[in-house]
Structure formats: C-alpha cells, structure tokens
Amino acid sequence: MSKMDPTVFVVDDDEAIRKALKLLMKSVGLAVETYASAREYLDAYDPDRAGCLVLDIRMSGMSGIDLHRELLAKHAITPVIFITGHGDVSMAVQAMKDGAVDFIQKPFSDQTLLDRIQHSLKLDEDNRRALAQQQKISDRIQALTPREREVMELIVEGHPNKVVAHRLGISERTIEIHRSRVMKKLGATSLPHLVRMSLRAKEE
Amino acid sequence: MQNRYRQDSARLSAILDATVDGIIVIDRRGIMLEYNHAAERIFGFSREEALGQNVSMLMPDPDRSRHDGYVDRYIETKSPRIIGIGREVTGRRKDGSTFPLDLAVNEITLENELNFVGICRDITERVESSRQLEESRKQLSVWWENAPIAKAVCDLTGRIIRVNEAAVDFWSIDRHRLVGSTIDQLTHPEDTQQCLLAIRELAEARRERRTLQIRFRKSRDEWSIGQVHCTSVRNENDVPVEIMLQIVDRTAEVSAEEEAGEHRERLAHVTRIGTMAEMATGIAHEVNQPLTAIATYSQACRRLMQDDRIEREDILDALEQINAQALRAGEVIRRLRSFVRKRESDRQLVSLNDVIREIVTLANTDSNLIEFEIELDLASDLPRTKVDPVQIQQVVLNLIQNGKDAMRDTASADDTIGVRTRRNAAGQLEVSVRDCGTGISEVDASTLFDPFFTTKKSGMGMGLSISRSIITAHGGTLWFERNPDKGLTFYFTLPATIGDEE
Chain A
1 MSKMDPTVFV VDDDEAIRKA LKLLMKSVGL AVETYASARE YLDAYDPDRA GCLVLDIRMS
61 GMSGIDLHRE LLAKHAITPV IFITGHGDVS MAVQAMKDGA VDFIQKPFSD QTLLDRIQHS
121 LKLDEDNRRA LAQQQKISDR IQALTPRERE VMELIVEGHP NKVVAHRLGI SERTIEIHRS
181 RVMKKLGATS LPHLVRMSLR AKEE
Chain B
1 MQNRYRQDSA RLSAILDATV DGIIVIDRRG IMLEYNHAAE RIFGFSREEA LGQNVSMLMP
61 DPDRSRHDGY VDRYIETKSP RIIGIGREVT GRRKDGSTFP LDLAVNEITL ENELNFVGIC
121 RDITERVESS RQLEESRKQL SVWWENAPIA KAVCDLTGRI IRVNEAAVDF WSIDRHRLVG
181 STIDQLTHPE DTQQCLLAIR ELAEARRERR TLQIRFRKSR DEWSIGQVHC TSVRNENDVP
241 VEIMLQIVDR TAEVSAEEEA GEHRERLAHV TRIGTMAEMA TGIAHEVNQP LTAIATYSQA
301 CRRLMQDDRI EREDILDALE QINAQALRAG EVIRRLRSFV RKRESDRQLV SLNDVIREIV
361 TLANTDSNLI EFEIELDLAS DLPRTKVDPV QIQQVVLNLI QNGKDAMRDT ASADDTIGVR
421 TRRNAAGQLE VSVRDCGTGI SEVDASTLFD PFFTTKKSGM GMGLSISRSI ITAHGGTLWF
481 ERNPDKGLTF YFTLPATIGD EE
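Protein chains in written order, with UniProt numbering: chain A, 1 to 204; chain B, 1 to 502.
Source of the hints: derived by calculation from the structure; they are not laboratory data. Check the hints yourself; a few may be wrong.
Claimed, not checked - To list a few chain B residues with every Cβ distance to chain A over 10 Å, as calculated: (1) 83; (2) 98; (3) 151; (4) 180; (5) 293; (6) 294; (7) 296; (8) 307; (9) 374; (10) 420.
Claimed, not checked - Listed next, the in silico DMTMM-like pairs over lysine to aspartate or glutamate satisfying Cα-Cα at most 20 Å (straight line): (11) 26(A) to 313(B); (12) 26(A) to 307(B); (13) 94(B) to 48(B); (14) 78(B) to 8(B); (15) 19(A) to 48(B); (16) 19(A) to 311(B); (17) 19(A) to 320(B).
Said to hold, decoys possible - Quick look at which bits of chain A chain B covers, simulated, 3 or more residues with Cβ under 8 Å: (18) 8-19; (19) 23-35; (20) 118-124.
From the three backbone atoms N, C-alpha and C, an ideal C-beta is built for every residue, glycine too.
In isolation and in its complexed conformation, chain A is listed as follows (with noise of 0.2 Å):
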C-alpha cells in the first residue's frame, strides 16, 4: 500500500489540455501527474498509487478506450473518468458500460470535474481501504492450523459447538479453545464480526 498522497493521472495528447489541467489541480491543492500518451502513462503505471485517472477518450495513437481496456485487464482499480468531445457520445457509452467511473464533455465546468475527481478519489480510498482489509483478513486466515480453519469453517456455517465437535470427532472443550483462538487471531469481537470476515475473505 503506497503511502504517498493520491494523484490525479491525467492523460491528454493536448499540450494545453494536459497544461490547464495541471494548473487547475494546482489550484485546488491536488497531486498531478500528466502524460501526453497512453504509452506513456501504462510504462509509468504502478497498481499501487492511489488516485484517479483522467483520460481523454480521443487521443492520436491508442485511445482512451483502448489504455481502459488495457487497465481493467492488468486488474487495476484505479477510478477513470473520460472526458469525450462533442461527437464521442457513444464511444463515453461503451467506457462506460467497461466499467469507467464517469465521463464529462469539454469544454467542462471546473466544478463539475473537481466534483467528479473528489468522488473518484474517495471511491478509491474506499476501494485500496476494503482490499487492505481483505488482504489482512486473508492473511490472518493462512496463520490460522488446519484444525483451526475446520473449526471456524463450521462455527460460520452456524453450526453449535456441539455439532462441531460431533462432525469432527473431537471433544466440545476443545473445539472452545480452538473457537478463541480464532477468534484472537482474526481479531473478531463477536460471531457475526467473524462471520463477516470470513466472507469478506472468501470474496476475493
């Protein structure tokens, strides 16, 4: 997980798009980073800088589509927004249906765009947040004996420790010391925190 500050990537083979743009992040306080081509932004990617990305959909060279298409199959969550001309409309459809954030026409209002930069960054803090949490989760789970794993596995399903210690052929006493300590090791406070987890874990 990077630590630095989330940057807006903006890609534009416009000079003066890509400059005024650099400028008004400027302005309100954001990190920027431009690229004048696809090319140049997938060799400088990096999955784990958080942010969100501003693509101009028609661009010399591979397009804003074709960088999208790329991402989403290195796996990156990285939030797009498109900015389309007049003409692009169904080409902003097709991102969009790809899965990009949101697309905005230019000329565009600074305002529109901030707004729609701010929500793309929390929705990918939100994102980097609940996939940390995940990963951590599953990490604790691969700490966990393969006893242990059996044990949460059925006390999940809901099953009363009895039942547990009856599938398993073990005593109940064990299964409870088996039951805290996955408890402690996850970090559970409760059965439906545990519960949570595990399906959180399992999501991935």
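Given chain A, work out where chain B should sit, using these hints.
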C-alpha cells in the same frame, strides 16, 4: 569578200555548235542548210547525214508528208502556224522513235534567199516531269478530298481558300459558300479570338503548329466541337503563305465527357454532404480542444486568485495560454471559412429552378430524408442567375434537412416540406423552405445562425452558419419567419441576372 564570208561562216558554225538548242536552217524547199551539234544529239542523225536532206526526215507522220505543203502555204499566205510562235511538236529520231519537241521557227533572209531557222529542244524530261506532277496533283487531290477529317486551307487572314469534302460535311455548308468565308463567320464568338490568334502566330512564323479546341457554327444555334490542328504552309523561302486547318470532330466525345463530368459532380456533391458531416465532427473536436483549455485555465486562475496562494508566474502563464488557445480556435474557424470560400469561382449562369429540382430529387433518394414529402412550387418566369449551383444546393439541402429534423418528433405523416421559388417585389429571386416542425424559442432564435449553435442531439450547429455565409457571398440574404400555424419558413434571396447577360 569571199574570205570574209568564210570567216563569218566559220564563226557562225562555232556559235551554232556551242548552242545547247538544236538549230536547223532550211531553205524554202525544206532542204537543211545548217544542222548543229545539238541537233545531232537530239535527232541522232549526223551533220553529214542531215545536210542537203529534207527536214521532214526529222518528223513522224502526218507532219512528215505534209511539211512541204506547210512551207508552201506559209510563203503563199504569210499566215503563220508556227513561225514566230513556237509550239510543242513531235520529233523523230534516226532510230524511228518519237519524242516531244519544243520548236520555234523564224524566217530569215540570207543572200536574198528566204530561209527558215528552227530552234528545237528535246522536252522529253520536262513533259515526263509535268506528267508526274499532274499525277501526284491528282493523287493529292484524291487524298485531300477523301480524307476522313475535315481540311481547310485559309490565307493568312483566316479566309478559307479550299476545303475538302469532309470539311463541307463538318460545317454542313455548300462548298462555294464555305470558300471565301472567314474564321469569325465559322467559329463560336467566344472562340474566334483564340482561333485568329493561332492563325496569326502561324502566319508570323512564330510557331509551326498549334492545336486548339474550337466550337464551330453548325446552324444558327448549334455548335460542333472540333479539335483543330493548324499548320503553316510555307513557300520555298520558308515564309508562311497559307494555313492549313485539320479538324477532328469531337462533338460526341465532348458531350459524353460533359455528361460524365456532370455525373461526377453530382457524386462529388453527395460526397461533399457526407464530408460535411464528418468534417463537422472533426471541427467540433478541434474547436473543443482550445475552448476546453481556455475554460480550464481561466477557472484555475480564478481559484488561484481566490486563495492567498497566488503565484504570479502561474497566472501570467495561464493568461498567455488562454490567449494562444483563443487564437488556435480562431484558426480552426478561419480554415472552415476558407473551405467554404474555396469554391466561389464555380459560378455559372443557371436556372434556379433546375438547381432546386436536382437537389430535391437527390433529397428524395436519400433514405435519411424521405420520411416527409417535399412539395415544389416553382415560379415559371424566373430569370437565370449566376451562382455556384453546388453551394446553393448545399444551402437548400441544409434547410430541408433542418425542416425534417424539426418535424420528426411532432409532425403527422401528411405534413410536408414546402420548397418555393418566386420573384420578389425587389426583383430578386427568392427561395423559401417551409416546415411544420416544432418552431423555435425566442432565446434560440437570437443565436440560430451562430456557429456551433444547435438544438439537435447530434449535429454541430454549422449548417445555418455556413448556409448564411454562402448566401451572403452570393449577394443575397438568408432569414426565417415563424409560420402562422406551426413551424418555420427559411427564406433566401439571390440577385437576378439582368437580361441573362454575363
């Protein structure tokens, strides 16, 4: 005396022998007294064989037997047939062969005796070459007359001297009227000058040949198109004396080419309409880029200045950029306008109704446009007008397209688009396109003709703006009025060309 005579005689003989013409002197009975070297060569008889013999031995029959009679008659009547005149006769050589002979005879009196001196020349070669000349003249005349292309020879001022059969066919004028005609009577008034210039160039030996395409008068208002190869005919001093025109009739080809050209133009026109749509998207993008940059820079400046974090450098840089980007947008518009202006030169004198009929036909075959019927109401008394027909069609098509777009959502199936031409009170040609569409709000009406104004979901708002600049460039006006019931009517005017003159 005797001695002197001998001297004289010797001198005379020497002179006679040196002469290239055959010289024979006879007495009144026809007996040869003198017979020089040249005569020996011509007739094959030696001097010894000839002297003392009757000159008739040098002639074939019937002259041979009649010659004595000729001499007697002359002496009797003094009316000459040949004496002092000279003529072409037939001679006879020693070997009996005959040949053409140019003979001049004069009477001389020597020592009181009437004698005759004949000077003769073998003209076999001359006769032969003139026969050959005649033959090739005949051949030439066959070639000339029967040549498949029209040929005419004119003098250096352009007056026709001779023509061949194909030329008579080409002009469909009697030969005797054609010969003596001048170039300006035969050519289209617009082409006469060009043709005369070419003739002058050849006449002044500035060029040897020229090829032109000229319209020739066929009848009162019918013209043939000829490709004319002009060459100068020069005399032995290489000075042009006549001009030969060889004319290939290209009327059929040219009219086929023109038809193909019209077809191409029509295709190009359809393509241009498609290109306009594509271009519109491209221009929208190109104008959007600088506008976006301008908007973003200015907004960033405002934000920077609202805060305390003003950095002079940033603001100055942004303002400079705003300026540069505004100029960039202006450049795009300038390019667009020059695109529209580029075709101004194609103005022709046309019937406005024909122009409109053609584009309406086209609109009716365009699948995107056929949903509503187009009603034509064309005035019959319109004078012609000098316009670029393709541009005017672009305007009309744009207005029809707008009308249909406006009607698509609200109009019923029997609503129509009305296209009308008339001559207005000011004498201008007026075209109107009426729709039954949704009309327009007060606010939109004020910006309707602005570039990039549009109420349509797709489209970039250049149509009316371009249309207005086309009409303005033609010296007309484009405006609209609200219909009393529903929809709008767009009008434009074009100047009428007075008296159909250029």
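Now the hints, each set against the structure:
1. Remark: the non-interface label on residue 83(B) is consistent with the geometry, its nearest Cβ contact in chain A lying 109 Å away (cut-off 10 Å).
2. Look at residue 98(B): its CB is around 100 Å from the nearest CB on chain A, clear of 10 Å, so calling it non-interface holds up.
3. Against chain A, the non-interface label of residue 151(B) holds: every CB pair exceeds 10 Å, the least being about 63 Å.
4. Every C-beta of chain A lies more than 10 Å from that of residue 180(B), the closest at about 70 Å, which supports listing it as non-interface.
5. Under the 10 Å C-beta cut-off, the non-interface status given to residue 293(B) relative to chain A is violated; the minimum distance is some 4 Å.
6. Some Cβ of chain A comes within 10 Å of the Cβ of residue 294(B); the nearest lies about 8 Å off, and the non-interface call is violated.
7. With a least beta-carbon separation of about 4 Å from chain A, residue 296(B) fails to lie farther than 10 Å from that chain, contradicting its non-interface assignment.
8. Non-interface call for residue 307(B) relative to chain A: violated, since the shortest CB-CB distance, roughly 7 Å, does not exceed 10 Å.
9. At the 10 Å boundary, the C-beta of residue 374(B) stays outside the reach of chain A, the nearest C-beta of that chain being 28 Å off.
10. The claim that residue 420(B) is not at the interface with chain A holds, since no C-beta of that chain comes within 10 Å of its own (minimum 34 Å).
11. Between residue 26(A) and residue 313(B) the alpha-carbon distance is near 13 Å, which keeps this suggested pair within the 20 Å criterion.
12. The straight-line distance between the Cα atoms of residue 26(A) and residue 307(B) is roughly 12 Å, inside the 20 Å bound, and the hint therefore holds.
13. Taking the CA atoms of residue 94(B) and residue 48(B), the gap is near 13 Å; set against the 20 Å cutoff, the hint holds.
14. Annotation: proposed proximity of residue 78(B) to residue 8(B) is violated, straight-line Cα distance about 30 Å (limit 20 Å).
15. Restraint check for residue 19(A) and residue 48(B): the C-alpha separation of about 127 Å exceeds 20 Å, so the hint is violated.
16. Distance check on the hinted pair: residue 19(A) and residue 311(B) sit about 15 Å apart at the alpha-carbon level, within 20 Å; holds.
17. With a C-alpha separation of about 12 Å, the suggested pair residue 19(A) and residue 320(B) falls inside the 20 Å cut-off, and the hint holds.
18. Counting residues of the segment 8-19 of chain A whose C-beta lies closer than 8 Å to any C-beta of chain B gives 4; at least three are required, and the coverage claim holds.
19. With 5 residues carrying a beta carbon less than 8 Å from a beta carbon of chain B, the segment 23-35 of chain A meets the three-residue requirement, and the given coverage holds.
20. A count of 0 residues in the segment 118-124 of chain A with a Cβ less than 8 Å from any Cβ of chain B is obtained; the coverage claim is therefore unmet, three being the minimum.
Violated hints, listed in ascending order, are 5, 6, 7, 8, 14, 15, 20; each of the other numbered hints is respected by the structure.
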